Every structure is written in C-alpha cells, then in structure tokens.
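Work out the full structure: start from the sequences and follow the hints.
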Amino acid sequence: MLTVILAADKLRVWVPTTLLSASMVPFATVSLCFGAVSWILPKKLWTWLDNKLYSTYMRLTLFVFEGVSEVEIHLYGDVAELKHRKESVVVISNHQSNVDWAVINMLAARQSPDGFEYGLRFVVKYAIHFVPLFGWYIFQHGYIYVRRFGAFVPDPVLRQFEHLRTLGEPFWLHIFPEGTRFTHKKPSIIANSKAHAKKAGLPVPEFTLVPRMGAVTLTMKELRPVLDAVYDVTIAYGQTRLPKRVGLAPNMFEFVSGLPDGKQVHIHIKRFPISEIPSEKEAVKHWLQNRFVAKDELMRQFYETGCFPEVYEKRAAKTSFCRTIVPFLAFTGGLVLPIFSQRVRRAYLITLATSPALILWLHIRKCV
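For the sequence shown, the numbering used here gives the first residue as 3, with consecutive numbering after it.
FYI, nobody ran anything at the bench for these hints, they're computed from the structure.
Here the structure is a predicted model, which means the values were calculated and not measured.
Among the clues, some could well be false.
In silico DSS-like cross-links for lysine-lysine, where the CA-CA straight-line distance does not exceed 27 Å [as the list claims (entries may be wrong)]:
1) K246 / K201
2) K127 / K316
3) K201 / K283
Label-pair ranges, simulated between beta-carbon atoms [claimed, not checked]:
4) G37 / V248: 42 to 50 Å
5) L354 / L204: 44 to 52 Å
6) D230 / A129: 28 to 36 Å
7) L351 / L204: 52 to 60 Å
C-beta atoms are modelled at their ideal positions from N, C-alpha and C, and glycine is treated no differently.
Right, here's the structure in full:
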C-alpha cells in the first residue's frame with residue numbers, strides 16, 4: 003500500500019504538463035472545427051462557443067493548480083470590488099514563477115459566481131507563438147505577442163488592441179511589467195535591475211524588478227476608452243519563506259506536487275478606477291514606478307510576517323469542484339477516445355499535422 007501511495011504522489015509531478023499539454027490536441031481540434039463553420043455563424047454565437055471552449059480549458063487548469071495541488075489561497079485588499087464588478091480591466095502583477103498566470107486565472111474564476119475565465123487574456127512573449135497549436139489558438143482569443151528583443155513591431159499589437167476595443171464584452175488583459183521573472187536563480191537580472199534603478203534615481207527594489215514601461219503605456223493609450231479600471235495584483239508564495247528557499251518561487255511541478263509546508267499563495271489586489279490613472283505617457287510611467295515601489299514594500303511585509311496587510315479572506319474556498327471536474331472528465335475522455343475510435347485518432351493526427359501551417363499562417367497574416 004505504501005508503494006502505491008508513493009507512486010501516486012510521484013505521478014502528481016507530471017499532472018500539470020502532461021494533462022495540460024496533451025489536452026491542447028482535442029482542444030485545438032474542436033477549435034478548428036468551430037473555425038471551419040465560423041463564416042456561417044452569427045458573430046455572437048461564434049464568440050459564445052469560443053468563450054465556452056476557452057473557459058473549459060482554463061477550468062481544467064484550475065482543477066490542476068487548485069484541486070490537485072491542494073494549495074491554500076489567501077486574499078487581501080479590494081477583493082470585494084473584484085468579485086462584484088464584471089468590467090474591462092488591465093491587470094498588472096509581479097512575476098516570480100511560471101505559475102503566476104494560473105494564479106491570475108484563480109482570481110478570474112472568483113470574479114462572479116459563474117467565473118470570468120473566458121474574459122482573461124495575457125500579453126505574452128513572442129516565442130510562445132511557436133508552441134504547437136497553443137500559440138495559434140491564443141492569438142485567436144485575443145492574446146498579444148510582444149518581442150523582448152529587436153525592434154518593436156507595432157502592427158500586430160495594434161490589431162489585437164482593436165480586436166479588444168470592438169469585442170463588445172468585458173475582458174481582463176494581464177501584463178507582467180517586469181518583463182521577466184524575479185528569481186535568485188538569475189542574480190544578474192536582479193543586479194541589472196538594481197543598477198538601472200540607481201542610475202535612474204529610483205528607489206532600489208529588493209523583491210521585484212524595475213518595471214518596463216512600454217507595454218503598459220501603450221496599452222493604456224490604446225484601450226483607455228473601453229477600460230473601467232486597473233487591478234494591481236501582488237503575488238507571494240509560502241514556499242519562498244522556507245529555509246533554503248528564500249526568494250525562490252515554486253515552478254509548476256513544485257506548486258502541484260511539492261511538500262505541504264508553505265503550500266500557500268497570497269494575493270493582494272488594489273483596484274484603481276480608470277479615472278484615477280493619468281492619461282499622459284510620462285505620468286503613466288511615474289504611476290507604474292510608484293506601484294512597484296508599493297509592491298516591493300508589500301513583498302517586504304510578506305517576508306517579515308508571512309502575510310499581506312488588508313486581509314479579506316484566509317484559506318479562501320476553492321473553486322467549485324463541479325466547475326472543474328466536468329472539464330477534467332471531458333478532456334480526459336477526449337484523450338482516451340483515440341484508443342477506441344479511428345475517426346477521432348485521424349482527426350487528432352490531422353490537427354497535429356496542421357500545426358506548422360498554423361504557425362506559418364500567423365506569419366503570413368503578420369499576426370506576430
């Protein structure tokens with residue numbers, strides 16, 4: 003029995019990548035089928051179908067990162083505002099781990115009793131568009147690709163902003179202003195950030211990186227007419243306070259299958275109505291710098307006390323099991339079907355074979 007328990011625990015390590023990666027095949031197959039008939043469907047119906055599909059996948063991630071991980075979630079700040087307002091917002095947060103996006107999804111799931119996973123989009127790195135199937139789909143849903151290196155290519159970004167402006171429904175667009183993860187595994191990045199702060203006459207951060215301004219200032223310029231607010235989110239992980247792990251946030255494997263000690267995520271939310279955000283570019287830069295100074299102070303308090311100020315809910319209730327088990331069963335069934343059905347197996351093979359063409363399509367259409 004002990005052997006079985008140990009084997010089952012080891013399997014938890016492979017749940018995030020295997021389940022989420024493999025599920026992209028049935029997901030993309032359905033999306034391509036929707037796309038094939040989209041030209042004869044009313045736009046509202048097509049949007050509804052796409053939102054349902056996307057929500058199903060995002061709830062599968064909740065099944066993994068909330069259900070399987072058994073993480074404790076602690077909420078602070080303007081959570082009530084978030085829960086009771088379905089609005090179009092830009093979300094900014096600190097960046098420590100490849101789990102951060104899943105934490106933002108946890109917030110979207112709590113936006114209302116029905117959740118708001120379908121409205122969540124991210125500004126992501128250009129390289130992600132090469133990820134088979136996933137890179138193609140997220141562009142269709144309104145994600146924005148940005149290049150970290152080389153010249154800025156404005157046209158694809160501006161087209162995605164136009165898509166969001168004319169969406170006709172609320173959305174969240176998330177940005178990591180730091181541009182890369184804060185981790186003590188890469189001390190040179192932290193050192194460069196501190197050097198930049200000193201050179202620019204800014205407060206030197208200890209627990210965050212100096213934010214990059216381009217994505218936020220351009221987003222505020224292009225989306226301001228349809229925005230209701232900005233959510234400033236600060237994320238901290240309990241594991242980072244454990245001995246020998248100070249400043250080392252968990253990766254996806256550690257988050258899901260790590261030791262119970264410190265398996266907590268602390269989330270602080272500050273809501274700013276759009277009327278309180280300056281419109282001039284330089285003023286937006288100054289506002290963002292101040293937000294990261296405040297964010298660094300929040301992180302300092304977390305490392306000293308183990309929590310943030312302005313407690314809203316300790317050990318928040320998990321997302322309803324009924325909302326996450328159905329997507330899990332649906333995708334699991336979708337992954338098992340090819341074993342029994344030659345038609346499904348053929349459909350999946352066709353989907354996989356189209357992946358290079360879909361990446362090429364993004365380039366031909368100048369989407370990236």
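For each hint, the structure was consulted:
1. K246 / K201: Cα-Cα ~31 Å, so violated.
2. K127 / K316: 33 Å, violated
3. K201 / K283: 21 Å, holds
4. G37 / V248: 42 to 50 Å: At roughly 47 Å between Cβ atoms, V248 and G37 fall inside 42 to 50 Å, so the hint holds.
5. L354 / L204: 44 to 52 Å: 48 Å, holds
6. D230 / A129: 28 to 36 Å: 32 Å Cβ-Cβ, so the 28 to 36 Å window holds.
7. L351 / L204: 52 to 60 Å: 53 Å, holds
Checked against the numbered hints above, the structure breaks hints 1, 2 and satisfies the rest.
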